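Undergrad: Here's the letter readout for the chains.
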Amino acid sequence: AQSVTQLGSHVSVSEGALVLLRCNYSSSVPPYLFWYVQYPNQGLQLLLKYTTGATLVKGINGFEAEFKKSETSFHLTKPSAHMSDAAEYFCAVSSNQAGTALIFGKGTTLSVSS
Amino acid sequence: KAGVTQTPRYLIKTRGQQVTLSCSPISGHRSVSWYQQTPGQGLQFLFEYFSETQRNKGNFPGRFSGRQFSNSRSEMNVSTLELGDSALYLCASSPQGQVNEKLFFGSGTQLSVL
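Line order of the protein sequences matches chains A and B.
If you read the first sequence in my numbering, its first letter stands for residue 8, the second for the next number, and so on.
If you read the second sequence in my numbering, its first letter stands for residue 133, the second for the next number, and so on.
These are calculated hints, taken from the structure and not from any lab test.
Any given hint could turn out to be false.
Here are some, though not all, of the chain B residues that point toward chain A, as calculated from beta-carbon distances under 10 angstroms [what the hints assert, rightly or not]:
#1 Val136
#2 Val164
#3 Ser165
#4 Phe179
Only part of the chain A face toward chain B is listed, based on derived beta-carbon distances under 7 angstroms [unchecked claim]:
#5 Gln49
#6 Gly50
#7 Leu53
#8 Leu55
#9 Tyr57
#10 Ser101
#11 Gly106
#12 Thr107
#13 Ala108
#14 Phe111
#15 Lys113
#16 Thr116
This structure is a prediction, so every number in the text was calculated from the model and none was measured.
Glycine residues also receive a C-beta, built at the ideal position from the N, C-alpha and C atoms.
Please take these sequences and the hints and turn them into a complete structure.
TA: The following block contains the structure:
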């Protein structure tokens, strides 16, 4: 069975500071990993995904994540936070056999202060 | 290109009633999947439809059902509503429902059960 654990339900950073959102997964098959962002009263938007190939994945809005199989992690980072990054972030895992059946973590709310 | 459209945006029902939610995918997308989002359980996969057939199913009781029409529009039905069914229901579409495709989410239908 697959599962996702996001460490920290709330993360607060100052504008311009490094953003680090942690995600660990469990999967008995090669995982496909995703980060989504949700703004208030909106649906989810894909930030980035790892399927195969390069383990460092770059996404939209300056975010990137690195797939580390040995650590079963897929942490999301951004070098410099912007006020507009304040939102809820979800890490998700899937398998090739169930491409749209994503298993999501509980989410991390990112707050950015000026 | 229009995005994923979900109607209605808000819905209030009472226990024991049934409800139908609608989702119109992006034009050309044949896969439609549904998710339930609650503060306690987070985001959970309900089911996926592809070419009018249910292809994947999550772990929800039989009160939750869905269907897809020949134009790829999908409906989700919940019968005998319970208080715990109060949630944001999200629909997502993709061209073929493959894991390497991008999922596009609608803004959701907020269901309140009184």
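Undergrad: Does each hint fit the structure? Answer for all of them.
TA: Now for the hints, and whether the structure bears them out:
{"no.": "1", "hint": "Val136", "in the structure": "holds, 7 angstroms"}
{"no.": "2", "hint": "Val164", "in the structure": "holds, 9 angstroms"}
{"no.": "3", "hint": "Ser165", "in the structure": "holds, 4 angstroms"}
{"no.": "4", "hint": "Phe179", "in the structure": "holds, 9 angstroms"}
{"no.": "5", "hint": "Gln49", "in the structure": "holds, 6 angstroms"}
{"no.": "6", "hint": "Gly50", "in the structure": "holds, 3 angstroms"}
{"no.": "7", "hint": "Leu53", "in the structure": "holds, 5 angstroms"}
{"no.": "8", "hint": "Leu55", "in the structure": "violated, 11 angstroms"}
{"no.": "9", "hint": "Tyr57", "in the structure": "violated, 11 angstroms"}
{"no.": "10", "hint": "Ser101", "in the structure": "holds, 5 angstroms"}
{"no.": "11", "hint": "Gly106", "in the structure": "holds, 3 angstroms"}
{"no.": "12", "hint": "Thr107", "in the structure": "holds, 4 angstroms"}
{"no.": "13", "hint": "Ala108", "in the structure": "holds, 5 angstroms"}
{"no.": "14", "hint": "Phe111", "in the structure": "holds, 4 angstroms"}
{"no.": "15", "hint": "Lys113", "in the structure": "holds, 5 angstroms"}
{"no.": "16", "hint": "Thr116", "in the structure": "violated, 12 angstroms"}
Of the numbered hints stated above, those contradicted by the structure are hints 8, 9, 16, listed in ascending order.
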